[in-house]
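2 protein chains.
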Amino acid sequence: MSQPYDIMAFRQAIGPIKSEDNPVLVRQKSRDFYWYSPVLKRELDHVAADIVVTPQNENEVVETLKAAHHLKIPVTPRGSGTGNYGQAMPLAGGIVLNLAEMNKVRAIRPGRVIAEPGAILAKIDGETRASGQELRMYPSTYATASIGGFVAGGSGGVGSINWGGLRDFGNILRLRVLTMEAAPRALELTGEDLHKAAHAYGTNGIIAEVEMALAAAYDWIDLIVGFDTFEAAASYANTLGEEDGLLTKLITVVAAPVPHDYFLRHRKFLPAGKSVVLIMVAEHALDALRAFNRRYKNAETLFDATLLSAEDRKGLSPNYELSWNHTTLRALRVDPAITYLQALYPFPGQLAAVKRIHDLFGQEVMGHLEFVRFNGKITCFGLPLVRFTTAARLDEIIAIHETMGAPIFNPHRYTLEEGGMKQTDAVQLAFKREADPLGLLNPGKMIAWEDPNFDFSAGRNFLFPGLEERARAAAG
Amino acid sequence: MSQPYDIMAFRQAIGPIKSEDNPVLVRQKSRDFYWYSPVLKRELDHVAADIVVTPQNENEVVETLKAAHHLKIPVTPRGSGTGNYGQAMPLAGGIVLNLAEMNKVRAIRPGRVIAEPGAILAKIDGETRASGQELRMYPSTYATASIGGFVAGGSGGVGSINWGGLRDFGNILRLRVLTMEAAPRALELTGEDLHKAAHAYGTNGIIAEVEMALAAAYDWIDLIVGFDTFEAAASYANTLGEEDGLLTKLITVVAAPVPHDYFLRHRKFLPAGKSVVLIMVAEHALDALRAFNRRYKNAETLFDATLLSAEDRKGLSPNYELSWNHTTLRALRVDPAITYLQALYPFPGQLAAVKRIHDLFGQEVMGHLEFVRFNGKITCFGLPLVRFTTAARLDEIIAIHETMGAPIFNPHRYTLEEGGMKQTDAVQLAFKREADPLGLLNPGKMIAWEDPNFDFSAGRNFLFPGLEERARAAAG
Chain A
414 MSQPYDIMAF RQAIGPIKSE DNPVLVRQKS RDFYWYSPVL KRELDHVAAD
464 IVVTPQNENE VVETLKAAHH LKIPVTPRGS GTGNYGQAMP LAGGIVLNLA
514 EMNKVRAIRP GRVIAEPGAI LAKIDGETRA SGQELRMYPS TYATASIGGF
564 VAGGSGGVGS INWGGLRDFG NILRLRVLTM EAAPRALELT GEDLHKAAHA
614 YGTNGIIAEV EMALAAAYDW IDLIVGFDTF EAAASYANTL GEEDGLLTKL
664 ITVVAAPVPH DYFLRHRKFL PAGKSVVLIM VAEHALDALR AFNRRYKNAE
714 TLFDATLLSA EDRKGLSPNY ELSWNHTTLR ALRVDPAITY LQALYPFPGQ
764 LAAVKRIHDL FGQEVMGHLE FVRFNGKITC FGLPLVRFTT AARLDEIIAI
814 HETMGAPIFN PHRYTLEEGG MKQTDAVQLA FKREADPLGL LNPGKMIAWE
864 DPNFDFSAGR NFLFPGLEER ARAAAG
Chain B
414 MSQPYDIMAF RQAIGPIKSE DNPVLVRQKS RDFYWYSPVL KRELDHVAAD
464 IVVTPQNENE VVETLKAAHH LKIPVTPRGS GTGNYGQAMP LAGGIVLNLA
514 EMNKVRAIRP GRVIAEPGAI LAKIDGETRA SGQELRMYPS TYATASIGGF
564 VAGGSGGVGS INWGGLRDFG NILRLRVLTM EAAPRALELT GEDLHKAAHA
614 YGTNGIIAEV EMALAAAYDW IDLIVGFDTF EAAASYANTL GEEDGLLTKL
664 ITVVAAPVPH DYFLRHRKFL PAGKSVVLIM VAEHALDALR AFNRRYKNAE
714 TLFDATLLSA EDRKGLSPNY ELSWNHTTLR ALRVDPAITY LQALYPFPGQ
764 LAAVKRIHDL FGQEVMGHLE FVRFNGKITC FGLPLVRFTT AARLDEIIAI
814 HETMGAPIFN PHRYTLEEGG MKQTDAVQLA FKREADPLGL LNPGKMIAWE
864 DPNFDFSAGR NFLFPGLEER ARAAAG
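Protein sequence lines, in the order shown, are assigned to chains A and B.
Counted the way my numbering counts, the first sequence spans residues 414 to 889.
Counted the way my numbering counts, the second sequence spans residues 414 to 889.
It is worth saying that the hints were derived from the structure and are not from the lab.
You may find that some hints are simply not true.
Identical chains blur together in the list; that is why a pair holds if it fits in one copy or across any two.
Claimed, not checked - Straight-line alpha carbon distances no greater than 16 Å define the calculated EDC-like cross-link-like pairs of lysine to aspartate or glutamate that follow:
id : residue 1 : residue 2
1  : Lys835    : Asp808
2  : Lys431    : Asp717
3  : Lys790    : Glu656
4  : Lys768    : Glu815
5  : Lys710    : Glu605
6  : Lys790    : Glu655
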C-alpha cells in the first residue's frame with residue numbers, strides 16, 4: 414500500500430520552506446519520551462510521519478497549514494519532543510510541524526515574557542535573567558523542552574510549589590494560535606479562553622507565540638535531606654511547603670531504595686535505606702531552611718550544594734534533574750523494567766493516602782511525591798515508580814489507587830481524556846470544531862472528536878483507528 | 414514629686430548626642446496611634462517621657478544605652494510611632510530613643526535589603542525598586558512607618574496574602590540587636606533566634622539594623638469589587654486568595670455600610686449597601702483577574718484604577734490605605750465612637766465562623782477581613798469595627814468571639830502577652846534576662862518580666878505599676 418497522502422504535491426505547495434523526508438530523520442522527529450511507558454512503547458513504536466516541516470516564522474507556518482488543509486494531510490505540531498505520552502507523535506502520519514527553529518524570545522517586561530513556541534525553557538530564563546526574572550515553572554526537561562510544547566502538553570513542575578499549575582489563571586498570559594483552515598486565522602487567546610488551547614496537545618490550533626508570567630529569579634540552592642522512613646520525609650516536606658515565608662522552588666520526596674539505587678552520580682551522598690527530600694531553596698532563604706531543619710531531630714542533611722568542593726560537584730546534575738519525570742528516567746536507566754504513574758493525593762488527606770497506598774504495595778510501587786500548591790493548599794502529586802509486570806497488573810494498581818482516594822492521570826495513554834480527567838473537555842472540543850473543522854490537527858489524541866460516543870466508564874482503552882491503519886500500511 | 418530619674422546627669426553623659434526635653438515635643442514623641450482604642454486612650458493619655466534622644470548612628474545608640482544603664486533610666490525605642498497599642502509609649506517615663514534619623518538603606522541584593530531601623534518602608538521600596546524588588550509585606554502605614562518599628566511591633570499586612578506573617582521563617586532575615594548593659598553588646602540574630610527580639614516591642618534589645626527578604630516589585634493595580642452581601646464578598650475573596658497563579662498583594666473585605674459611609678473620598682464609586690473587596694493585583698495578572706471576576710455573576714467591579722481619568726483619580730488614596738488598620742482610621746474619622754478588634758478565623762472554618770459571628774452581632778460589629786496565608790493555607794484575619802459603648806461590653810464581644818472560634822488579639826491592651834497569645838513567651842523572657850538584666854527597656858510591656866505570677870486566665874487586665882506612679886507624679 415502506498416502513502417495515503419500526496420506528499421509530493423505538498424512539497425511543491427510549500428516551496429522553499431524547510432522540510433525533510435529522509436525516513437530515518439523523519440522517524441527521529443516523530444517520537445517523544447513515550448517509551449517511559451511499556452504500554453505506549455508497544456502501541457506507538459511504529460509511529461512515523463511522512464515529512465517534517467521546519468518553519469522559520471509564522472508566515473511559513475501559515476503557508477504549511479494552508480497547503481496541508483488543501484491536501485487534507487494531518488499536521489502534528491512538535492516542540493522538542495520531551496513529552497511522555499506521545500503528545501507530539503503523528504498517529505496518522507502526514508506532517509510533523511517542527512517548531513524548534515521558531516525559538517526567539519521576543520519581549521521581556523516586568524512579570525512577562527513573550528516567546529516563539531520553540532524557545533527552550535532554559536534559554537528563555539537565560540534571557541530574562543538580566544531583568545532579575547525567570548519562568549514561574551518548568552518540567553524537569555528544562556534544559557531541552559520548548560515553551561510551546563510545555564504549554565501544549567505539560568501541566569506544571571518545578572515552581573508549582575509556588576504557583577500551582579499551568580491551568581491556573583495567571584500563569585499563561587496569552588497564546589497566539591493559528592487555525593487549520595483554508596485561510597488560517599491567528600487568534601489571540603487570553604483569560605478563560607486560554608483553556609481552549611492549553612494542554613490540548615496541538616489538536617485544535619498551532620501555538621505561534623506564547624506570553625508567560627515570570628517570577629523573581631534567584632540562585633536556587635540544592636539541598637537533599639535524608640530520613641529513615643518515607644513517611645517522615647513526606648511529613649517534613651509537607652510542613653516545609655506550608656512555610657509561607659521560606660521560598661523554595663522544588664520539594665520532592667523520593668522513597669528508599671530509589672535514591673541510593675538509581676541516583677547513581679549522587680550515590681556517595683545517599684546512604685542505602687534513606688528516603689530523601691530534594692529541595693531547591695532561594696539563596697536568601699537558606700539560613701531559614703537550616704533553622705527549619707534543626708527542628709527535625711530525624712532529618713539529616715545529606716547534600717548541601719554550598720558546602721561542596723568543586724571536585725565533589727563535578728558531573729552532578731541539579732536537583733530538578735532528579736525530580737518530576739527525571740526521577741523515572743534515573744530509575745529506568747538502571748532498571749528498564751521500571752515504569753511509573755501520576756497520582757494526585759488530595760488535600761487535606763494527602764499524607765494519610767500516601768501512607769495507606771504505599772503500605773499496601775510495598776516495594777512494587779516506590780514512593781515519589783512532588784509537593785505543589787493546588788487550589789490554594791499545599792498537597793502532593795505522586796509519580797510513583799512501578800516495577801512493571803503486565804499491563805493488566807498496571808491497570809489494577811491504577812484502580813486500587815483510585816479506590817483508595819488518589820486519582821490517576823494515566824501516563825500509559827496517548828489521548829487527552831484518558832491521561833486527564835477521563836471525560837470530554839467540552840471547551841477544547843468546541844474550539845476544535847471552530848479551529849480545525851476537518852480534524853487534521855494531531856489526529857487520534859482527542860477522543861471526543863474521534864468517537865463522540867466513547868464510554869469512559871466502560872474500562873476499555875481508546876484505540877485510534879488511524880493508528881492501526883498506519884501500522885498495517887507500514888507492514889504491508 | 415520630682416522626676417525620679419537624673420536626666421541632667423544623663424544629658425551630661427551623652428554630650429553632643431541630639432536630644433530634646435521641651436515637654437510639648439517630648440510628649441509628641443511619646444505617643445503612637447493608641448487612641449484608636451478608647452481603653453488605651455484613657456489608660457495612656459498622660460504618658461510622656463522625660464527626654465527624647467535622637468541618635469545618628471549605632472555608636473550614639475551605644476553611648477545612650479551606656480549612660481541610661483549607668484543611671485538606671487528606662488529607655489523606650491521608637492520608630493515613627495505608627496503602632497496602635499502603645500508599643501513605643503514610655504510607660505515609666507525616662508528616655509524615648511527616637512531612631513527616626515537612623516534611616517539609611519545600607520545594601521540591596523537579590524532577595525535582600527539591609528536597612529537602619531528608622532528607614533521608612535515606602536522609602537526602602539523607593540530604593541529597591543531599581544533592582545525590580547520591593548518589601549514582601551507592610552502595614553497600611555507604609556508611607557510613614559519605619560522598618561524597625563514594623564519588625565518590633567507589627568505582625569504582617571499588605572503582602573501577607575503571599576508571604577504569611579513577619580513571624581514566619583524567611584521574612585525577617587537578620588536583626589542586629591544592641592543589649593542594655595554596662596557595655597552594650599551587638600548581637601546578630603538569625604533563624605530561630607529572630608523570635609527572641611522580633612515583635613517584642615523593644616523590651617529586650619534595641620534593633621540597630623534589619624535585613625529583610627524582598628519580593629519582585631510590580632505595578633499594583635487597585636480594584637474594588639462590590640457584592641450585595643458580606644457573605645458573598647468573603648466567599649469571593651477566599652476563592653481569589655486560593656488562585657495560586659493570580660498574583661495579588663491585598664485582598665480585603667469590608668462589609669456594608671462601611672465603604673459608603675466611611676471611605677469618603679471613594680464614596681462616589683461605592684453605592685450604599687454594597688460590601689466590597691479591595692484588591693491590589695499585579696499589572697500582569699489584571700487580565701486573569703478580570704476573567705476570574707466574570708465567573709461571578711454577583712460581582713460588580715466598582716473601581717478599576719486603570720479605567721479612571723486623571724481627574725477621577727485625584728485625591729484618592731491607594732487601596733492599601735483603605736485596608737488593615739486604615740479601615741479603622743477611615744471609620745474613626747467619621748465616627749469617633751467606632752473602635753475595632755483583631756481576630757483570627759482559623760482555616761478551614763473561616764467563612765462559617767465569620768458568618769456565624771457577624772450574624773450574631775449585626776450592626777454593632779461591622780465586618781472587615783484581611784485574607785492572608787497562614788500556616789500554608791488561605792484564611793482571614795478580621796479587624797471588625799465595633800460601635801463602642803463600654804469597656805465591659807467590648808470585653809464581652811471579645812469573649813463571644815473566642816467562644817465562637819475566633820481568637821482575639823486584643824488591641825485594647827498595651828502588653829505583649831494580652832495583645833498576643835495570652836501566655837508567657839519563654840524565649841523573649843529568657844532573652845530579656847540576658848539582654849536587659851536591669852529591666853530598663855520599655856518597662857511595663859512584658860508582663861512575664863514585671864509580674865511572673867500574673868494569671869492570664871483570671872480575666873483581669875495587667876496594670877503596670879510604673880504607669881500609676883507616673884500618673885500620680887504628673888498629678889502631684
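Against the structure, the hints:
1. Lys835 to Asp808: within (14 Å within a copy, 55 Å between copies)
2. Lys431 to Asp717: neither (47 Å within a copy, 48 Å between copies)
3. Lys790 to Glu656: both (12 Å within a copy, 10 Å between copies)
4. Lys768 to Glu815: Answer is within: at 14 Å inside a copy they meet the 16 Å cutoff, but 36 Å across does not.
5. Lys710 to Glu605: between (47 Å within a copy, 15 Å between copies)
6. Lys790 to Glu655: For Lys790 and Glu655, both the intra-copy (8 Å) and inter-copy (7 Å) Cα distances are at most 16 Å.
The structure shown violates just one earlier hint, number 2.
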